[in-house]
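Peer 1: Letter by letter, the chains look like this.
Protein chains: 2
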Amino acid sequence: MAEINHKFVLASRPVGMARRGNWNYTESPVAAPADGEFLVKIIYISLDPAMRGWMNDGRSYIPPVAIGEVMRALALGRVVESKNPKFAVGDIVTGAFGVQEYAISNGMMVNKVPPIGIPLPVFLGTLGMTGMTAYFGLLEVGKPKAGDTVVVSGAAGATGGVVGQIAKIKGCRTVGIAGGPAKCEYIVKELGYDVAIDYKSEDLRKALGAACPKGIDVFFDNVGGEILDAALGQLAMRARVVICGAISQYNNTTPVKGPANYLSLLVNRASMTGMIVFDWAERYGEAAKEMAGWVAQGKLHARCDVHEGLHNYPEVFEKLFRGENNGKLMLKVCDEK
Amino acid sequence: MAEINHKFVLASRPVGMARRGNWNYTESPVAAPADGEFLVKIIYISLDPAMRGWMNDGRSYIPPVAIGEVMRALALGRVVESKNPKFAVGDIVTGAFGVQEYAISNGMMVNKVPPIGIPLPVFLGTLGMTGMTAYFGLLEVGKPKAGDTVVVSGAAGATGGVVGQIAKIKGCRTVGIAGGPAKCEYIVKELGYDVAIDYKSEDLRKALGAACPKGIDVFFDNVGGEILDAALGQLAMRARVVICGAISQYNNTTPVKGPANYLSLLVNRASMTGMIVFDWAERYGEAAKEMAGWVAQGKLHARCDVHEGLHNYPEVFEKLFRGENNGKLMLKVCDEK
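Chains A and B supply the protein sequences, listed in that same order. To convert, note that position 16 of the first sequence is 16 in the working numbering; the numbers rise steadily by one, no gaps. To convert, note that position 300 of the second sequence is 300 in the working numbering; the numbers rise steadily by one, no gaps.
Here chain A stands alone, though its shape is the one from the complex (with noise of 0.2 Å):
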């Protein structure tokens, strides 16, 4: 009898949250891989906010999950059968494999996990997607100068705790930005900001001008909202502002607000860029490298947020919008072996 594979798929395009009621929570037999494709079973699924996006119908950086398909997410699995010689049985792989117990794949934008030693859920965190998105975001985007301040929104979040630790291992000045005195203390203790601020019981702009006495060089932003307008308010001259994401937009049922202050960008003649991980494919080998180095000199550190059971994927995926992750949120759908 063949085996069963469970999936989430979508139903409905969600108005605001996400919820349980978008998606149908179904079974198909598991299918067999053609030639060229092997087949994955599913250990970890990553849950990110971009998934909020991807459930929106319109033009956007990367076609919407159709209506009766599999909800896309990045996952990482073990290969268990296998007719592509590139991967063999055993291998341990991530990729978007989706939210389900197995998936087929013929290798595209797939990648191997080296046995190095290094937890399988940092592979979806700090080395996988998230790590790419931080890496190349600050790096690249905010091009941050030994000496300069960084401010990260959302810095306890997957991608933020990661930019905070990059920027101190460039010789930046860290601030960060999250919610609840918990969340302020993991930044600082664990995470290494030199600064965190409570945007739930402080007053943002005056903690942000105490925190940034020169002004903020380089803003990593994840959140958007006042948040945003907040940051644009203390721009120091010739600041990038890196348009990562915008959390607090993402379930509106009314339009986005817009940065009320962007005209801190002619005062100080700074620059808001936005950018998508993916057009740094090329090079996530040699960023994987880097920070796997990182990790491994103890240099970075990487908190992944694990839940067990593929049929709890919505309400945990609901957790990253009332931002009750502690790091990197995960699915745990099989025992690793």
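Treat the hints with care, as some may be off.
Facing chain B, from chain A, some residues (calculated, C-beta under 8 Å) [stated by the list, open to error]:
| hint | residue |
| --- | --- |
| 1 | 257 |
| 2 | 267 |
| 3 | 273 |
Worth flagging that the hints you see were computed from the coordinates, not collected in a lab. Ideal Cβ placement from N, Cα and C applies to all residues, glycine included.
Put chain B on the given structure of chain A with help from the hints.
Peer 2: For chain B alone, kept in the frame of chain A given last:
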């Protein structure tokens, strides 16, 4: 008996549109230049949107005009008395001489107008700060390549008119946004824009989509507000948005309208960069020389909208914000002789 200098002195900081009551129209005896100084009899005063910003208190790229101080303005005049060996009586000069009939200067940031047969008002427009703004903002910040689609807001304005013409000289396709049929005709017939969009009568988003089937590569924004948002919605990949000004927002009594479509920067890996022309002061000479060549060759047309009479300054200045000027707005204060 000493000659009298009439002048407009800042009386109060405006809320919303600047009105006559925000200045005092006063007079004082014409001062005598001290050693190293010279006296300028002002002929033309440049009226620019940026002047509205200089009337506001608070941190900006330049200190605000103080209450009781002569209103800051760029102007062109003739040296009528000199104790500075670098400036001789009869020299025609431009500088920040203010809204008055006579100014004392020590020569700092003052430029001599060469006798090359170009009408004097052009040195406050196309060959003045307006033209420098267009030149460096487009070429150095916008970085257009031949074949790019360049969209300009305020395209019939002093800066926008020059931007479109330089973009054509550089081999770009140009789309100008202006208000009303007369301005739209002007920018196509006199300034050579490929397409004009009348934001007052057309659906701006649809018209931009139709005019830019491959998207906008460079958006040069003088206006802000809804026009900036519409343009952000049509960016091509790796587009460059130049924030030169935001005339739609300068008289706001409510907060500035931030660009709700700013996440288009992310989707399109685009950038939005503010510019202040002063940063290129060392290269004004080089730019003026190249632009004077274009003027002489008939490639760069310069329409000046000259009004007579210093005492009319407040009402003429208001025309800028109602879009009633036709080309570079200026006041003529005395005859050229």
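Peer 1: Given residue 267 of chain A as an interface hint, is its Cβ closer than 8 Å to any Cβ of chain B?
Peer 2: holds, 5 Å
Peer 1: Are residue 257 of chain A and chain B close enough, Cβ to Cβ, to be under 8 Å, as the hint says?
Peer 2: holds, 7 Å
Peer 1: Using the nearest Cβ pair, does residue 273 of chain A come within less than 8 Å of chain B?
Peer 2: Holds, about 4 Å.
Of the numbered hints stated above, none is contradicted by the structure.
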